[in-house]
Structures are given as structure tokens and as C-alpha cells.
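Novice: Here is how the chains run, residue by residue.
Number of protein chains: 2
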Amino acid sequence: MLVVQKYGGTSVGDLERIKNVARRIAKYRDEGHDVVVVVSAMAGETDRLLKLAYDLVEEPSPRELDMLVATGEQVSSALLAMALNAMGYPAKALLAFQIPIKTDELFGKARIRDIATKRLKEELAKGQVLIVAGFQGITDEGDITTLGRGGSDTTAVAIAAALGADVCEIFTDVDGVYTADPRIVPKARKIAKISYEEMLELASMGAKVLEIRSVEFAKIYRVPVHVRSSFSYEPGTMVVEEDESMEKVLVSGIAYNRNEARISLYGVPDKPGIASRIFGPIAEAGIVVDMIIQTGRPDGKADMTFTVPKTDYKATLKLVNELAPEIGIEKIEGDEDIAKVSIVGAGMRAHPGVAAKMFQVLADHGINIHMISTSEIKISCVIDEKYTELAVRALHEAFGLDRAPEEETS
Amino acid sequence: MLVVQKYGGTSVGDLERIKNVARRIAKYRDEGHDVVVVVSAMAGETDRLLKLAYDLVEEPSPRELDMLVATGEQVSSALLAMALNAMGYPAKALLAFQIPIKTDELFGKARIRDIATKRLKEELAKGQVLIVAGFQGITDEGDITTLGRGGSDTTAVAIAAALGADVCEIFTDVDGVYTADPRIVPKARKIAKISYEEMLELASMGAKVLEIRSVEFAKIYRVPVHVRSSFSYEPGTMVVEEDESMEKVLVSGIAYNRNEARISLYGVPDKPGIASRIFGPIAEAGIVVDMIIQTGRPDGKADMTFTVPKTDYKATLKLVNELAPEIGIEKIEGDEDIAKVSIVGAGMRAHPGVAAKMFQVLADHGINIHMISTSEIKISCVIDEKYTELAVRALHEAFGLDRAPEEETS
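From first to last, the protein sequence lines stand for chains S and V. If you count by UniProt numbering, then the first sequence holds residues 1 to 410, one letter each, in order. If you count by UniProt numbering, then the second sequence holds residues 1 to 410, one letter each, in order.
I should point out that these hints are in silico values taken from the structure, not numbers from a laboratory. Any given hint could be a false lead.
[As the list claims (entries may be wrong)] List of simulated lysine-lysine pairs, DSS-like, C-alpha gap at most 27 Å:
hint : chain 1 : residue 1 : chain 2 : residue 2
1    : V       : Lys-193   : V       : Lys-219
2    : S       : Lys-318   : S       : Lys-301
3    : S       : Lys-219   : S       : Lys-118
4    : V       : Lys-121   : S       : Lys-102
5    : S       : Lys-121   : V       : Lys-102
6    : S       : Lys-51    : V       : Lys-19
7    : S       : Lys-102   : S       : Lys-219
8    : V       : Lys-51    : S       : Lys-51
9    : S       : Lys-102   : V       : Lys-126
10   : V       : Lys-51    : S       : Lys-19
11   : V       : Lys-248   : V       : Lys-27
12   : V       : Lys-331   : V       : Lys-271
13   : S       : Lys-386   : S       : Lys-190
14   : V       : Lys-102   : S       : Lys-102
15   : S       : Lys-301   : S       : Lys-331
16   : V       : Lys-118   : V       : Lys-102
17   : S       : Lys-193   : S       : Lys-121
18   : V       : Lys-248   : V       : Lys-126
19   : S       : Lys-118   : V       : Lys-102
20   : S       : Lys-102   : V       : Lys-118
21   : V       : Lys-102   : S       : Lys-126
22   : S       : Lys-271   : S       : Lys-301
Put together the whole structure using the sequences plus the hints.
Specialist: Below, the structure written as C-alpha cells:
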């Protein structure tokens, strides 16, 4: 079996943990598997490097910033390969330029274009364990790029796809994907199997187990991903293609996000092109708008509500206030104290009435809904932030997630 | 003018100092010069990385060790380029693989084979300041190598040679090469100009200002090297080809070395092949022998004395004691408390009697000489360690180094 494994920063956070990871890899070798390992920087290292740069200058040049932070993974991959070699398991650390992992030139958030498999395959055939520095790539000109936060997940999935690996194991400090945040819902359970689509929805809601681009990659190339803990040998959560068993489960998980703020524009002239005149300047300012809702009014005008990251709230308010006179917006209002609560499940497609049930549950607990948005397998409601925990717990119970799924009890 | 500059670890030891170096480089740009800069790792960083490796495993795999420590220069070169860019001076950090700087495959002490100048010249033509990560190279297979301690000096001189630079400036924390160690000889003076050969002899004696291989490189490719302080704008010491003015100076400097130990073998059979039977096993153990002296005895046997680094003293003693019965050595003796004191000067060639004067000076101070070795421009004497300071000061005065040279007073 060809296994691609990824170990996060906490898993290689100190020398003792690096040795633990080496022992874990050795076990796979003893079982006869070929192993390619992708590592993140040791916990805290990327932040230390970023601090160096931003303490030095206000705006570090992007090319050099990537060259700087890429050293974090260079260090951890070299150390892990050393640990394996010392244990008698031949291992080679490989940097992006040595494979190469080609990306575009968007420093700080580069996208992988191509991974050459020749050297990887040759080294594997020689019985080497390959330790690949995650998070980094190389442009056609030979400049070092980084893939953005969580990029090591993407490196791992992309390598698994390129090599046609049997599985891509993402080792992290949690032991899988849960039906809800266990800090909020004590009865939350680990999900044994989840579809790429569901995982995408959960990841986009801020469930930090998997970087969203890595899930997209896995979905496109159909890479089975196993999210599991580096501190135990228990199985975690398999992220795979949707199958029949998944459709039986109405709701797979409850997610929430407290990092957004709401802005409402009242009395917007309801004519063609108005939305782009509002959201064009916001996009140009680099602000990512999440939910957008527009409703007509009897007077021919429209009301428009949308959410932006809390960190961009003030800048967005300033922008729309500047636009207001020109466009003819009557009134602008905003609210930072909101939360988005979502239910996610592949089974929704086949079962009507899930949305109605969600609204009823929230109403039963006296929780007012400010915004609603839906996708095929997700329903999100924006509510007052103070009700977040209550809403998540109530939905978790109402959709039967407090108890083990039928397949497991029968 | 095309200037290659090298800044050592102390010169880029913290962010404030990196900014200082950036300002210094900016000054050269303002004067219209093209500048290629070679940087070492920030002071302490290489040791920190080595400690990580040796805390992890007893014997780190050499390939991965080089990959690990090479990050030190990657960090400092990226930071320095950022500082320059922020000041409005376009700068690019370049790693060995990006140039490339090709070396052999001797990890940890690789030798530079070739430096491609195409990219360097193109970037210089675009008005870029180039910040090259020192100390590192790349093999034909794309593995990262390091050149060994002090390797950044070699990188700088090699790049200066490859580009045909007008001067290679080595910025360090001392302001030049001195006639003797100023900590021992308060009257020691900075030498304005010194020949490659003299510098080689001084460097091999442990004068830490310039790495010896960089001087060899400079000599072969006739690169004018300027050793100077990164904390002032005062001129330092020019290391150049020997010229007439240098021959007038009898002795340029006094050096000493307390890091060696002496081993004497008495009654060694005086027959062909005996030296290789003794020194072969020592070389195989990786021990570098410095001075070797052999003298015949009336009884047809020989006495042999040699010096090794103090750190290898015990291992060498053990080795020769094991060889003794087989070879027929009568007696073995050793002494760790020795020092080597040397006088160096291109003028010696033209002036007989320098050696005699040195022996006389030592005798006048009651200092016994255990070993003598000479080269064209150097005379070294091994004495008891406790006399080191006395010997250096006495020689410094006797050869007229306490006062400024004639050229400067006239």
C-alpha cells in the first residue's frame, strides 16, 4: 500500500514528538507500506518567522517573506528524516524545488499547478521514506512560494493525488471530525465517514481539522482522506465519496461561525447593476463577502443584507457609507454580535422538511433568525451571537446526533 | 564599480543590525555601485540548529544536517532583502540552488565547483541588489550542501572571482588584521595591506578574521579582499598580491595557537615506510597532524615528534600506543600544555637571519623551544603554553611592530 501522511505543527512540536512520529512511520514500514510524509513547521515556528519579518519592516516583500517562512518546514522535514535514518529506516527530506512542486506566482497563497512524480517514485523504489516539506512550492523562475495557512494539508492531498496513493492520512491534534464542537456540545460524537461535500461545508464554516483547499483537491482527484490523531492509533474520520449509507443520515454535523458581522442596506434603488456598484468596491478592497440576501419592498426599493469577516467590518461600513449618497441608499445598519449556525448533511437532498425543522427548533428556544441561506447539503441561519451555544446544542439533539447512528447500534 | 560584500553573523545578529547593514548597502547604491551581498546566519542561529539535530539523534544524517543548517542563511538573506526593499532599494535574496552555486557532495565541508553568473548578471543589470545566502551550495542532484564553518567568506570570494568584482569586502566584528592579538599585545596595530600568502599563514594559525579557504580562493583568482568592520566606515586591511613595499617589512605579524598538543615517539626504527605506518592510521581516524619533526639518532633509530589538535590528543595517544609493539617504538610521551608561536612576513624571503633573531629573542626571555618548523614566509616555534603571552609580546617588540611602519611615518 502507498500511504501519504501529513503531520501538523503540534505533532512535530518538539524533538520528543518528532521521535514519536518517526516511530509511527517505522511501524508502517514494518508492515510493508511505502510512505511519503508531509510535515508542517514545528508549532510556533511560522509565527516566530512572521514576527521577525513584521518586526523588521511594515510590509515585507512577498517573495522574501515566502523564502523566510518556508524555512520552518525545511527544518522539521530535515529533523524528521534524521530521526528515521538514526532508527535505521532510510529516509530523505525533500523540498519543493527538489521534487519539484510547481505553483503559480501568488506569493503567500500560491496554488499548486503540477507535481513531478519521477523523483518521488525513484526514491520510493529504492526503499526510502520521503519526508516532504509541506506548505511550499516553486515557480517556473525558481522562486520559493508558500500555499497559505494550512497549506501542508493541500501538499499532502496533492501528492497523494499525483502518486495515486491508496490513502492520505492527515494526522492532527484532534482525533477526527465531530458532529459538533465538543467544547460546546459534550455529547458530540466522532463521525466515522463523511462525504467530500459535507466536509467542504464544515471546513468552510471554520471547522479547523482540514484546510478547505485540500478538501477541494481531494474531491476533484477522489483521494480518500483519513483525518486522525497523531497521539493515538484509533481510527479517525474517513472523508470519501458520497455513498448510499450517507444519504440515510439526515444531518451529519452542526457547525457555527462567530467571526462574521452583518451589514444591512435599507431602501436601495432596485435597478439593474446596483449590486455590482455596491459589491464591486468591496471586492476591490479585498474584502470577502459571505452571505448576501436581497428582498424587494412594496415601494419598488430593496433591502440588502450581507455578512463580512469581523476584521473587515469597520472598513466595509466606511465604504458603503461613502457609496450611499451616490447610489441613493436610505439607511445603513450593522451588527457585530452575530453568529452563523449551520446544519450539514448529504441526506438533506433526499429528505424535505429539514429546513422547516431547523427553524422550528430555533423558534422553540426563542432564538430569532436574522438571515437564512441554503445550499444542497447545508442550511445556515444568522442569529444573535449570545445564542450560539444554545442553538448548536438544541440542533444537535433535535437532529438525533446525541445518540450513535443506527448503523452502529443495529 | 562592482562590489561583493560579506556580512558575518554578528553584523546581522539582530533586526537593528540588519537595518544598519541595509543602510550601509544603500550608501553604496547611492554612490552608483553594483552590489552583491553575501550573508551568514544571524549570530547563534547555526549553533541553535546544530543543537536541535544533536539533541534529536547522536549522528544526524549529513544530507539532512546540511539542509537543516542552511536555513540559517536563508532566514538572514530574506530579512536583509526585505529591509532593503522597504527602504526603496530593489533587492532579491538568492539561495544557492537559485544561482546555482554548484559544489561537490561532501556534506558539511563541500567545495565550490562552479558558480553560474547568468542570473546574477541579469539581476544586477535590472538594478537589483543581490543578497546571496552564504555557506551553502547545491550538488548536481539538487541536494543542499554547506561549505563548513566560515564558508560564507568563501562564498563571497568565489562570487567576486566569478563576477570579476573590483573588490570583495569582508565585513566582520573586528576592523582588520592586526600585527598580533590585541588582547595580548596592547600595542598591536592594524595592518593596512598584507599579501595573500601572509594572510594564509596567519589564517592557518587561527587568526579568525578570514576563513583560510576563502584566502586560497582569493589568491588563485587574484580577488582583492578588504577585511573591515561593519560597525564603522574606517578602512580595514587589504589582502592583495604581494608587492615591493611588502618585502621591505621583515615581519608582518605574530600569531599563536594554543589548541595543539605534542606527541613524541622515541626510538622508532629508521627504515622506509615507517612514517606511513604511523601516520596512516592517524589520518584514517580523521585526525589532522600539523607539525612533524624527525631526527636520526646515533644508534640508527629515530625520534619523531608531531602535533595534533588538543581535542584529538587522547585518541592519538591511544592509537600510537596500540601501534607501538608492532612497529617497535621504544617510548611514547605527550604534552598538552604547549603553544605554537609564529612570525609571518613576506620580507623574510629577502632577509636572512630572521629565524636566528626569533630564537635569540625567545632565549633572552628564558623560553625553551621544543619544536621548530619553517616555511618561506613563516617561522613557528612550539614552546610551553605558559610563556605564550610573553613570547608574543617580546617578538612583537623585537621585530619593530610596536611602532608604526616606516612608510606611514615618513
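Novice: Each hint: holds or not?
Specialist: Status of each hint after checking the structure:
no. : hint                    : verdict
1   : Lys-193(V) / Lys-219(V) : 14 Å, holds
2   : Lys-318(S) / Lys-301(S) : 22 Å, holds
3   : Lys-219(S) / Lys-118(S) : 24 Å, holds
4   : Lys-121(V) / Lys-102(S) : 25 Å, holds
5   : Lys-121(S) / Lys-102(V) : 25 Å, holds
6   : Lys-51(S) / Lys-19(V)   : 16 Å, holds
7   : Lys-102(S) / Lys-219(S) : 20 Å, holds
8   : Lys-51(V) / Lys-51(S)   : 23 Å, holds
9   : Lys-102(S) / Lys-126(V) : 25 Å, holds
10  : Lys-51(V) / Lys-19(S)   : 16 Å, holds
11  : Lys-248(V) / Lys-27(V)  : 37 Å, violated
12  : Lys-331(V) / Lys-271(V) : 17 Å, holds
13  : Lys-386(S) / Lys-190(S) : 26 Å, holds
14  : Lys-102(V) / Lys-102(S) : 22 Å, holds
15  : Lys-301(S) / Lys-331(S) : 12 Å, holds
16  : Lys-118(V) / Lys-102(V) : 14 Å, holds
17  : Lys-193(S) / Lys-121(S) : 30 Å, violated
18  : Lys-248(V) / Lys-126(V) : 46 Å, violated
19  : Lys-118(S) / Lys-102(V) : 22 Å, holds
20  : Lys-102(S) / Lys-118(V) : 22 Å, holds
21  : Lys-102(V) / Lys-126(S) : 25 Å, holds
22  : Lys-271(S) / Lys-301(S) : 9 Å, holds
Consistency note: the structure conflicts with the earlier hints numbered 11, 17 and 18.
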